[in-house]
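Sequences are here, hints too, so could you generate the full structure?
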Amino acid sequence: MKVPALLLVLIAGSLPAQVSFDRLIRSGQEPQNWLSYSGGLDGQRYTPLNQITPQNVKNLELQWVFQARSLEKFEATPLVVDGILYTVQAPNDVVALDAATGRVFWVYSYKPSPQSRPCCGKVNRGLAILGDTLFMATIDARLIAIDATNGHPLWNVEVAKPEAGYAMTLAPLVVKDKVIIGTAGGEYGIRGFIAAYDVKTGKEAWRFYTIPGAGEPGNNTWSGDSWMHGGASVWVTGAYDPVLNLTYWGIGNPGPDWVSEMRGGDNLYSDCVVALDPDTGKLKWYFQFTPHDDFDYDSVQVPILADMDFKGAPRKVMLWANRNGFFYVLDRTNGQFLLGKPFTKVTWATGLDERGRPMRAPGAVPTPEGNKIYPGNMGGTNWNSASYSPRTGLFYIPLWDNYYSEFVKGPAEYAEGRIFAGAMPRSPVPMIQAPQVQNRKEEDGYGAIRAFDPKTGEKKWEFKLSEVTDSGVLSTASDLVFSGGRDGYFFALDGRNGELLWKATLGGQVSSGPMSYSVGGKQYIAVSAGSTLFSYALR
Amino acid sequence: MWVIRISLALWAGALFAQHGYSPADVDAGGRLYRSNCVNCHGQEGTAISGVDLGHGKFRRASTDEDLAHIIINGIPGTPMPPTNFTQPQAETIVAYLRSLVGSTAGAASGSGDAAGGRAIFEGKGGCRTCHRVNGSGSRVGPDLSEIGGLRSPASLEQSIRDPNVEIRPENRYVRAVTRGGATVTGRVLTEDTFGVQIIDTHEKLVSLSKANLREFTFLKDSPMPSFRGKLSDPEIADVVSYLETLKGVEGQ
Chain D
1 MKVPALLLVL IAGSLPAQVS FDRLIRSGQE PQNWLSYSGG LDGQRYTPLN
51 QITPQNVKNL ELQWVFQARS LEKFEATPLV VDGILYTVQA PNDVVALDAA
101 TGRVFWVYSY KPSPQSRPCC GKVNRGLAIL GDTLFMATID ARLIAIDATN
151 GHPLWNVEVA KPEAGYAMTL APLVVKDKVI IGTAGGEYGI RGFIAAYDVK
201 TGKEAWRFYT IPGAGEPGNN TWSGDSWMHG GASVWVTGAY DPVLNLTYWG
251 IGNPGPDWVS EMRGGDNLYS DCVVALDPDT GKLKWYFQFT PHDDFDYDSV
301 QVPILADMDF KGAPRKVMLW ANRNGFFYVL DRTNGQFLLG KPFTKVTWAT
351 GLDERGRPMR APGAVPTPEG NKIYPGNMGG TNWNSASYSP RTGLFYIPLW
401 DNYYSEFVKG PAEYAEGRIF AGAMPRSPVP MIQAPQVQNR KEEDGYGAIR
451 AFDPKTGEKK WEFKLSEVTD SGVLSTASDL VFSGGRDGYF FALDGRNGEL
501 LWKATLGGQV SSGPMSYSVG GKQYIAVSAG STLFSYALR
Chain Y
1 MWVIRISLAL WAGALFAQHG YSPADVDAGG RLYRSNCVNC HGQEGTAISG
51 VDLGHGKFRR ASTDEDLAHI IINGIPGTPM PPTNFTQPQA ETIVAYLRSL
101 VGSTAGAASG SGDAAGGRAI FEGKGGCRTC HRVNGSGSRV GPDLSEIGGL
151 RSPASLEQSI RDPNVEIRPE NRYVRAVTRG GATVTGRVLT EDTFGVQIID
201 THEKLVSLSK ANLREFTFLK DSPMPSFRGK LSDPEIADVV SYLETLKGVE
251 GQ
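Each protein sequence line maps, in turn, to chains D and Y. So for the first sequence, the working numbering puts the first residue at 1; every next one is plus one. So for the second sequence, the working numbering puts the first residue at 1; every next one is plus one.
It should be emphasised that the hints constitute simulated quantities derived from the structure, not laboratory data. Incorrect hints may appear among the rest.
Said to hold, decoys possible - Cross-link-like lysine to any residue pairs, in silico, SDA-like; alpha carbons within 25 Å at most:
hint	chain 1	residue 1	chain 2	residue 2
1	D	LYS522	D	LYS122
2	D	LYS345	D	ASN402
3	D	LYS464	Y	LYS204
4	D	LYS503	Y	PRO23
5	Y	LYS247	Y	ARG132
6	D	LYS464	Y	PRO23
7	D	LYS441	Y	SER111
8	D	LYS409	Y	PRO23
9	D	LYS441	Y	LYS230
10	Y	LYS204	D	LYS345
11	Y	LYS204	D	LYS372
12	Y	LYS210	D	LEU62
13	D	LYS372	Y	SER22
14	Y	LYS247	Y	ASP162
15	D	LYS441	Y	THR245
16	Y	LYS210	D	LYS522
17	D	LYS311	D	GLU354
18	D	LYS464	Y	SER22
19	Y	LYS230	Y	THR245
20	Y	LYS204	Y	LYS220
21	D	LYS122	Y	HIS41
22	D	LYS460	Y	ASP192
Values in this document were obtained by computation on a predicted structure and should not be read as measured data.
Okay, here's the thing in structure tokens:
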């Protein structure tokens, strides 16, 4: 009987490896892989790989290109598991390809309902994996489990009604035996929520409404019935701390976006970070960045979890560069505000008080004729991820500066599935896509990658871009920082001083986060631009 | 509610009736258009087949009221969605679209003699030293072949008298000095993080890498001289009238 046992071991060894939750928690120990949206569950977007260095990065060479059959923006960050790269071709086609050559193994094509109406593009930001199952959240607000080996759907459940404006564009987050998602639709008068589903069956395990219902604590931060259609969407992936057993999620803007008098009060938990028990969905703490938001300052950034000495004591912190133009350091055990400073030009608030609450600038509200306020509607930064390098100790923020909108006061009326937002703000910078011919003046908005010391809030360096950027940032264990911009460049900076070390013209606007993986001992850097995914390695 | 609606209707009707859009309306509408409409309609308004927003070619609208209605309510059964614009916002977009075909010409234009203006433009004004019209003149300055459809008479007059009051982003001049010491001057076409593309003073298209430049500055003043005192008021009115006749090439 010994022989068959040995045979069994050999066969098992040749099967695709199972991505256990333990592997997800310890993703830093397998740097060849990129196992969740932000690389690790800590949201740092940092790779321990260091083959590509400041000295040799000039030798980067294009290895392969994957051209999506979609003209939508390519916002997904791929996953890489043991040489297989998984990504999403917009809106909702899952693609498995060879991470070394870019050749396609299979495509699972899901056709979302024509009732789906995501506000800002039929996009998707990526997948989650557990075991040998991939999870995709769709623009028609369904959650689908897919066999990672052959691309077959395993289950497909309704999360919410697309005809009521619910949509999903985020990469799900796996915590233990649950897959956690949230719904977009903050411009359609939804009532947002975060929900967890059983990974095996797709059965809903819990649901946390991002707006408390009647009688619940916090409901009184909404005047009248405004809580019923108050938005507070969730459209970017959260983070997880396995020691504290807390999952953290950023919550979107209250609705109607620019008509705040229709929703008197602080409007909890819009523009908050919430810390939830992943087993029950119970709220442990929250911190609100922008109470009673007038400017669409969604707090949908990825929470970045780091452990560092802070003011002389070791601390479990959370770093957050918010759309409202301030960056924050919070104690992630309890949500205590530790530090907060503007990282870009801000005029809507004069600063933060000792508890981190913004001090609103007098008169900085939408007006009938339009009121010029910094940062504009798209924010000082947006959904595209910042990065933290535990090696340099620096926090790298992709940002917009000198950027304003004229916020206009106008009417809004709720009707199911219709835009419920108010009057569109005006700005010289287009919201989503850059013009091909770009000659805007610097005083009308530009982009930058800026490095901050999170312990002091001090700016260490900046790399200025002539256009704004929708690109995320990747930092590496060789102290490189990769990012891109709307002008179609992808580049590498020295993470210690911001010096430009390498660049490539990709043509299309970079609307994704670069990531890194390795196959056969060779490190790759992948990034998408326009509707195309590119992978680079040393020649 | 009645009071508000009636007054809005009266006000809007008054604005529509005379098509008296101000440059501020056109500017505001242009910003809204660029932020919200270009994704589908394109910069030039020609991205949807059968529709040419810049030349008044619409599938379903003929009046300004029709256009504002469509901008707000969308067209059911087509990809044109309803929007959230207020009536005044929608009207500024209409103002912008109409400005593209020169519908703002009206009260302020027509006071001069276009033929006389052309003679000044091509003669004592020396305008063709920098500007081109229908294939004749220099390309160093903006080509004016369609200027009558793009700019209002008042704004043209302002540019002739006081060219520095408003230098549009696309008409800015740069001065660059290369590491080798050569100076290049020209009108900026596009700029990105690492480079700038210009048309230089010899009418050549030049692509400059910022890394190879010792100096790179946008000129504060327009290379265009002021004609205040050089041309009389009636002469300037003539030139404006001539420019107003320039509506581009047929069929474009």
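Hint check:
1. D:LYS522 <-> D:LYS122: This hinted pair is violated, its Cα atoms lying about 34 Å apart.
2. D:LYS345 <-> D:ASN402: Holds, at roughly 6 Å.
3. D:LYS464 <-> Y:LYS204: violated, 28 Å
4. D:LYS503 <-> Y:PRO23: violated, 41 Å
5. Y:LYS247 <-> Y:ARG132: holds, 13 Å
6. D:LYS464 <-> Y:PRO23: Since the Cα atoms of D:LYS464 and Y:PRO23 sit roughly 33 Å apart, the hinted pair is violated (cutoff 25 Å).
7. D:LYS441 <-> Y:SER111: Distance ~35 Å between D:LYS441 and Y:SER111 Cα, so the pair is violated.
8. D:LYS409 <-> Y:PRO23: Distance of about 21 Å is within 25 Å: holds.
9. D:LYS441 <-> Y:LYS230: violated, 31 Å
10. Y:LYS204 <-> D:LYS345: violated, 38 Å
11. Y:LYS204 <-> D:LYS372: violated, 39 Å
12. Y:LYS210 <-> D:LEU62: Distance of about 24 Å is within 25 Å: holds.
13. D:LYS372 <-> Y:SER22: holds, 20 Å
14. Y:LYS247 <-> Y:ASP162: holds, 23 Å
15. D:LYS441 <-> Y:THR245: Not OK: D:LYS441 and Y:THR245 at ~31 Å, beyond 25 Å, violated.
16. Y:LYS210 <-> D:LYS522: Cα-Cα ~33 Å, so violated.
17. D:LYS311 <-> D:GLU354: With a Cα-Cα distance of about 16 Å, the restraint between D:LYS311 and D:GLU354 holds, given a limit of 25 Å.
18. D:LYS464 <-> Y:SER22: Violated, at about 36 Å.
19. Y:LYS230 <-> Y:THR245: holds, 23 Å
20. Y:LYS204 <-> Y:LYS220: The hint holds at about 22 Å.
21. D:LYS122 <-> Y:HIS41: holds, 17 Å
22. D:LYS460 <-> Y:ASP192: holds, 24 Å
In the structure shown, a violation is registered for the earlier hints numbered 1, 3, 4, 6, 7, 9, 10, 11, 15, 16 and 18, in ascending order.
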